[in-house]
Structures are given as structure tokens and as C-alpha cells.
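Just so you know, the protein sequences line up as chains W and S, in that order.
Heads up, the first sequence stops at 228 in the numbering used here, and the numbers go up one at a time, no gaps.
Heads up, the second sequence stops at 123 in the numbering used here, and the numbers go up one at a time, no gaps.
Source of the hints: derived by calculation from the structure; they are not laboratory data.
You may find that some hints are simply not true.
Under the rule of at most 25 angstroms between Cα atoms (straight-line distance), these lysine-lysine pairs were calculated in the BS3-like manner [as the list claims (entries may be wrong)]:
no., chain 1, residue 1, chain 2, residue 2
1, S, Lys64, W, Lys159
2, W, Lys119, W, Lys162
3, W, Lys162, W, Lys196
4, S, Lys23, W, Lys162
5, S, Lys23, S, Lys64
6, S, Lys64, S, Lys75
7, S, Lys75, W, Lys162
8, W, Lys196, W, Lys159
9, S, Lys73, S, Lys29
10, S, Lys50, W, Lys119
11, W, Lys196, S, Lys50
12, S, Lys29, S, Lys75
13, S, Lys73, S, Lys23
14, S, Lys75, S, Lys23
15, W, Lys162, S, Lys29
Restraint ranges, calculated between C-beta atoms of paired labels, are given here [claimed, not checked]:
no., chain 1, residue 1, chain 2, residue 2, range
16, W, Arg158, S, His94, 43 to 53 angstroms
17, S, His16, W, Asn129, 14 to 24 angstroms
18, W, Lys159, S, Phe37, 49 to 59 angstroms
19, W, Gln148, S, Phe37, 33 to 43 angstroms
20, S, Lys64, W, Pro127, 33 to 43 angstroms
21, S, His16, W, Leu191, 30 to 40 angstroms
22, S, Glu61, W, Gln148, 16 to 26 angstroms
23, S, Gln69, W, Ser145, 14 to 24 angstroms
Predicted model only: the values in this text are computed from it and were never measured.
By construction, the Cβ of each residue, glycine as well, lies at the ideal position given by its N, Cα and C atoms.
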Amino acid sequence: RKEVEQDPGPFNVPEGATVAFNCTYSNSASQSFFWYRQDCRKEPKLLMSVYSSGNEDGRFTAQLNRASQYISLLIRDSKLSDSATYLCVVNRGNYGQNFVFGPGTRLSVLP
Amino acid sequence: GAVVSQHPSRVICKSGTSVKIECRSLDFQATTMFWYRQFPKQSLMLMATSNEGSKATYEQGVEKDKFLINHASLTLSTLTVTSAHPEDSSFYICSAIEGSQTQYFGPGTRLLVL
């Protein structure tokens, strides 16, 4: 079992739809969590950090459930420009930075 | 957000040659930088953690003598792929930690070994 798992998709949704991604992690000692987006043939770009209390940035909402060890990302009112691969990233911590990437979930927003 | 640059963005080389890739943090100091490799349609795989002033920490399965890392200053880390072979062709991406655990990535270097 991989340490960070995501449904690879693809998720094909129409413009304006709401879509949700989940990510599970196996290391209970993991300390911080992030969502990145990666466009084709580009580097990952930070979308948002994920906090236990949940956080929202415009159309994007991220939540963390430590008990069940999963992270979610909700995108409302999808835009064509949201089409990308969304990477779940977990920092194991433990006296240093130790980031583990999920395989990513591919989203295609269709006109 | 913070800016990380990489150079070159693309390189084509002959098998057996060595290639150096630079990673710079432009507007912040980074005591720790990371080097990743990404093959097509796969996720990023951490190769090594580069620490300023000390030896890099390599992930299991990554040959330290083949992928030489030098983190000579707080703003520069270099990755040298020695005696490159076609199977080393990949997208190499560096990242640096800014402040509170946030990673910022460089734009990546596409390496093609013929």
C-alpha cells in the first residue's frame, strides 16, 4: 500500500460543477498537509495548505480528518482553467522535512 | 509566493556525458532544498534532500555517486547527473522550503539523453 493514495481519475466534469477529491495517508505521524496543482509538463504549484479546522480559499475548500487519515479538496463552480492534476502532499515531519506526494488526481473541466 | 528558478530548462546530451542543473531560491534563503524526478504520467519521486553546508540525504535506490548534489550556499543547490544514460531522461524538479514548511518548486528541467 502506498503511503499517500489518491484516485487517479480522470474526473471529467462540466463547467460549473462541484467536484471533490479525497486523499488518504498511512503514516499517522504526518504533520502537515497540502494540495498542489500541476499542469501538463509544468512544475507543481501550491494550491493551499490543509488545516484541521478546514480552510477555504474562494471556490476551493480543503479539510483534514486526522482520525480517519484523509484529506479532501472541494472545488465549486468549476472553471475550464481548473483542469489539471491535483497532488496531495503529506509532510511526515519527524525532525526534518520529509514530503511524500500522492500520485495525483486528474481533472478535466469540459465546456 | 516565493520564487525558485532552475537552469537549464531543457537539455539534450549524448550518453556518457554529465549534466549540471542549478536550483536557486531568488527571494529567500533555503537551508533545505529537494530534488525530484518525474517520469511521464507518474508522480514526483523524491531523489534527495539537499542541506546547505552538509551532505545530501538520498532516498533509497538513488545512487549518490551518479546524482551528485552540492548545496554550496543558502540560495543555490546543484544536481549533476554523471555519465547520463537514456534511462536518466526525465523531468527533474527542485524545490525549496520557505518559512513555515511550504515548498516552492522550480520550473523543472527536461533532460533528454540520446
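**Prompt:** Looking back at the numbered hints, which does the structure fail to meet, lowest number first?
**Reply:** 1, 4, 5, 7, 16, 17, 18 and 19
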